[in-house]
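**Student:** Here's the letter readout for the chains.
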Amino acid sequence: MEPPRLAEILRGLEGKWVALRGTEVVAAASTSDALFKQLRSKRIRDASVLRVPTEQEHEAELVGLG
Amino acid sequence: MAERRPFPWVFPYQEDPTSGATHPRGRFVYRPVVSITLIGAEGPDGPEESSFHALVNSGAERVLAAPGVARQIGVTPDRHDPTPLKIGGETRLVHPADVTLRLAPEPGLPGWEWRAEVGFFSEWTSAPWQVLLGQVGFFDQFTVTFSRSALQLAIEHAERFDRRFGSD
Numbered sequence: 000m001e002p003p004r005l006a007e008i009l010r011g012l013e014g015k016w017v018a019l020r021g022t023e024v025v026a027a028a029s030t031s032d033a034l035f036k037q038l039r040s041k042r043i044r045d046a047s048v049l050r051v052p053t054e055q056e057h058e059a060e061l062v063g064l065g
Numbered sequence: 000m001a002e003r004r005p006f007p008w009v010f011p012y013q014e015d016p017t018s019g020a021t022h023p024r025g026r027f028v029y030r031p032v033v034s035i036t037l038i039g040a041e042g043p044d045g046p047e048e049s050s051f052h053a054l055v056n057s058g059a060e061r062v063l064a065a066p067g068v069a070r071q072i073g074v075t076p077d078r079h080d081p082t083p084l085k086i087g088g089e090t091r092l093v094h095p096a097d098v099t100l101r102l103a104p105e106p107g108l109p110g111w112e113w114r115a116e117v118g119f120f121s122e123w124t125s126a127p128w129q130v131l132l133g134q135v136g137f138f139d140q141f142t143v144t145f146s147r148s149a150l151q152l153a154i155e156h157a158e159r160f161d162r163r164f165g166s167d
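Going line by line, the protein sequences match chains G and Y.
According to numbering that gives the first Met the number 0, the first sequence is numbered sequentially starting from 0.
According to numbering that gives the first Met the number 0, the second sequence is numbered sequentially starting from 0.
Just chain Y, same shape as in the assembly (with noise of 0.2 Å):
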């Protein structure tokens, strides 16, 4: 088996699927999307894992996913623990399972896999993305850095911030 690639990994912004012909003014949006794997509960062929493309938020306090990802890995999520959250104006609940996550420099090579608490919305409409990556679940992972310039982001070990900065 093949060794996962050494921190840091960079991966490039993607454009919006609203962008350029697409987008109401003709404006190009890019976005730190990334291909996140969400690996659930155990199935006749191992465990149910799928992929999908993924926000990096860091305005999101939690890592949130659509309904339909919990169903597809094959999670319930906890009906008697909501909790409400304003998006846009608007309160969604969102209801808590653990799930195991997987970042890969590249799909089919070794990723990172951790354990956190996701939120799944009851409701989801619209956004093309189906997983928003913020500071609980992710941020604490990892130390991630957005160049809007070069329109990369890069990923790296969480103690990486320290080492630069000296925060200890």
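Isolated chain G, as found in the complex (with noise of 0.2 Å):
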């Protein structure tokens, strides 16, 4: 079972917050404040959020938190 292309489906969204449904992008925020509002006011409640890091955060593989 591959994984889906993760990385590929999050490219633009650099530095937003976001809400996936599995492999879909159900909304995206500049912050998590607002992306969670988003949520709620679309009553979205199976969606998982992550913070997409910054073309900057890119240069570097993340190996513990930082």
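Hints were generated in silico from the structure; no laboratory data involved.
We put the CB at the ideal spot given by N, CA and C, even for glycine.
Some clues are possibly wrong.
Stated by the list, open to error - Coverage of chain G stretches by chain Y, computed from C-beta distances (three or more under 8 Å per stretch; other residues unrestricted):
id, segment
1, 3–13
2, 23–35
3, 42–51
4, 55–61
To be verified - Restraint ranges, calculated between C-beta atoms of paired labels, are given here:
id, chain 1, residue 1, chain 2, residue 2, range
5, Y, ARG26, G, LEU12, 27 to 35 Å
6, Y, GLU158, G, ALA59, 35 to 43 Å
7, G, GLN37, Y, ARG162, 38 to 46 Å
8, G, THR22, Y, ASP161, 17 to 25 Å
Please assemble the complex out of the two chains, which come individually in their own frames, going by the hints.
**Tutor:** Here it is in structure tokens:
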């Protein structure tokens, strides 16, 4: 089972907070608070949130937390 | 209501956002990441809950989360009980709060719920995932099997390990 190409799916969303339902981006915002506001207003409860690294952050592979 | 799917639950690894064309060397990076729901305070429409991409991290002693997670689920970490953690050579403080966690085999399906202390960071930058699932609070709930070659992880009952390896 090949994992979905998440990096491709998230291209162009660098620095954004994103809600994914599977591999579908259902909402994106510049802050986590704005994203959750969108999710609540759209009554989306089955999406999972992550933050897309900025282009500068793509310059290094993440090992731990930073 | 649908019944909970029996274990094992198998999850594919997820590609890191910094991978392939966005990786500095073009390397494809895959990680054991699952969607976890954190359930906090009672709100006007029921318990406040949100789901986050979470790194399954056997090297973490506990479940850790970004400060924004606490805000979204309406819990207030105990500011008077900080634990200093060394991360990447830096010391960061985490503040505890008891929350309910839920893992489901797929979004929308019934999941497994448990209570755990979560350490909320006072500061969190750059990591795409907002939750780290560590030894106490996650690995003590399940038997977790990783396969890098299959790019999958499997979640089973905690006692499954004893049945498989007779460690009682």
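**Student:** Now, for every hint given, state plainly whether the structure supports it.
**Tutor:** Against the structure, the hints come out as follows:
Residue count for the segment 3–13 of chain G with a Cβ under 8 Å from a Cβ of chain Y: 7. That meets the three needed, and the coverage hint holds. Taking a C-beta to C-beta cut-off of 8 Å, the segment 23–35 of chain G contributes 3 residues in contact with chain Y, enough for the three needed, and the coverage statement holds. Against chain Y, the segment 42–51 of chain G contributes 8 residues with a C-beta closer than 8 Å to a partner C-beta. That satisfies the three-residue criterion, and the hint holds. Under the rule that three or more residues need a Cβ within less than 8 Å of chain Y, the assignment of the segment 55–61 of chain G holds, with 6 such residues.
Checking the proposed 27 to 35 Å range against Y:ARG26 and G:LEU12 shows it is violated: the Cβ atoms sit about 21 Å from each other. The hint said 35 to 43 Å for the Cβ distance between Y:GLU158 and G:ALA59, and at roughly 41 Å that hint holds. A C-beta distance of roughly 45 Å is found between G:GLN37 and Y:ARG162, which places it inside the suggested range of 38 to 46 Å. At about 36 Å, the CB distance of G:THR22 to Y:ASP161 disagrees with the hint of 17 to 25 Å.
The earlier numbered hints that this structure contradicts are 5, 8.
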